[in-house]
Amino acid sequence: KAGVTQTPRYLIKTRGQQVTLSCSPISGHRSVSWYQQTPGQGLQFLFEYFSETQRNKGNFPGRFSGRQFSNSRSEMNVSTLELGDSALYLCASSAGLAGYNEQFFGPGTRLTVL
Amino acid sequence: KQEVTQIPAALSVPEGENLVLNCSFTDSAIYNLQWFRQDPGKGLTSLLLIQSSQREQTSGRLNASLDKSSGRSTLYIAASQPGDSATYLCAAPLETSGSRLTFGEGTQLTVNP
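Quick mapping for you: the protein sequence lines, in order, are chains H and G.
Numbering-wise (the working numbering), the first sequence opens with residue 24 and increments by one.
Numbering-wise (the working numbering), the second sequence opens with residue 97 and increments by one.
Same shape as in the complex, but just chain G (with noise of 0.2 Å):
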């Protein structure tokens, strides 16, 4: 079966620490990789899009890279800050899936002041 997968489920880190997320996929011929933000209650944030032929993006304090031949993706987060408090989800569009998206579970990240 095709999946995303996300670790940890949840994370809790003081201000100021740099932290690493998680996605892992099974599908190595995957098009491209998409991370988001999801506050409570709220639509997602589009925050980076790797595309299959490259190996990370960056977009401020976030860089985001991608491997396909171990099917791992990662978000750094550098100098953490309360703001950044939320639940970040990857997600790809999978072979059998066709066109759509294929969302991870997700991480619930906490920074604390």
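Just chain H, with the same shape it has in the complex (with noise of 0.2 Å):
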């Protein structure tokens, strides 16, 4: 069984622009979580969705956004671009709910914002 696959794994942007990061889960995963890596902050979680509905939100700006296709995959997009936007961003995927279930991660995108 594929893991979770994530694109692209690397992303160069400059302040001001916008990006689309992609996640595919295991294959009968309904469940998308996001999470933001910095070596200041650790592992901060973004946000989850389940069968399309956002379940759960982390405390970052509007600029921070996602959503879950009927399929599973689930993108997460970053508005107005800042320096500290910065960072490896993770996806994971369970078969339920987060948090009841194991969560398997993806290889990340390594961000970098100049």
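I should point out that these hints are in silico values taken from the structure, not numbers from a laboratory.
Among these hints, one or two may not hold up.
Unchecked claim - In silico DSS-like cross-links for lysine-lysine, where the CA-CA straight-line distance does not exceed 30 Å: (1) G:Lys138 with H:Lys80; (2) H:Lys36 with H:Lys80; (3) H:Lys80 with G:Lys164; (4) H:Lys36 with G:Lys138.
Take the two lone chains and join them into the complex the hints point to.
Written out as structure tokens, the structure is:
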């Protein structure tokens, strides 16, 4: 069974631009969660989608948004990029709701904002 | 504030040593606790998931225990190898955070040949 995949793996953007990251969960998994990882803040929860509905949202500004499609694939969008958005963005999938089921992570997308 | 903490932040041991990594949490009603491994610049690899009804889980040289009453989990690594060098993170869905995982800051392990 294929693992969680994320595209692109690396991304370089400039301040003010927007970016879209993609995550394909393990086949059959209905929950996708997104996390931001930085050296200073560690792993911070962004949001969770389950069956196309946002179930939970972390403490991030509205510039961060996401969605989930009927095939459970998820996208995350960041608008008006800031230097502080440079981070490793990780997505995780689980068969059921995150937190109640084992989560499996993708390799991450490394975003650099210049 | 509900949180997850890990001690020590870093650990360096010689190859072959048995070691214990600690994870503390403030929510005694956690549903489960998961241990992950992260290599530099990479994603997280799930190591063990312990359900609240379980006391421990084992996978190869790894053994994780869970004591909800004391708010502690430990990850025991037997006969450590240089390939075990990585950052180890524990995470749990805490009561006030809904279903999302709250992560500890991790323990950076170095196993020296």
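To see whether the hints hold, each was checked on the structure:
1. Restraint check for Lys138 of chain G and Lys80 of chain H: the C-alpha separation of about 24 Å stays at or below 30 Å, so the hint holds.
2. For the hint pairing Lys36 of chain H with Lys80 of chain H, the CA-to-CA distance comes to about 25 Å; that is within 30 Å, so the pair holds.
3. Between the alpha carbons of Lys80 of chain H and Lys164 of chain G the distance comes to roughly 26 Å, so the proposed pair stays at or under 30 Å and holds.
4. Proposed proximity of Lys36 of chain H and Lys138 of chain G is supported: the alpha carbons are some 20 Å apart, at most 30 Å.
When each numbered hint is compared with the structure, no violation occurs for any of them.
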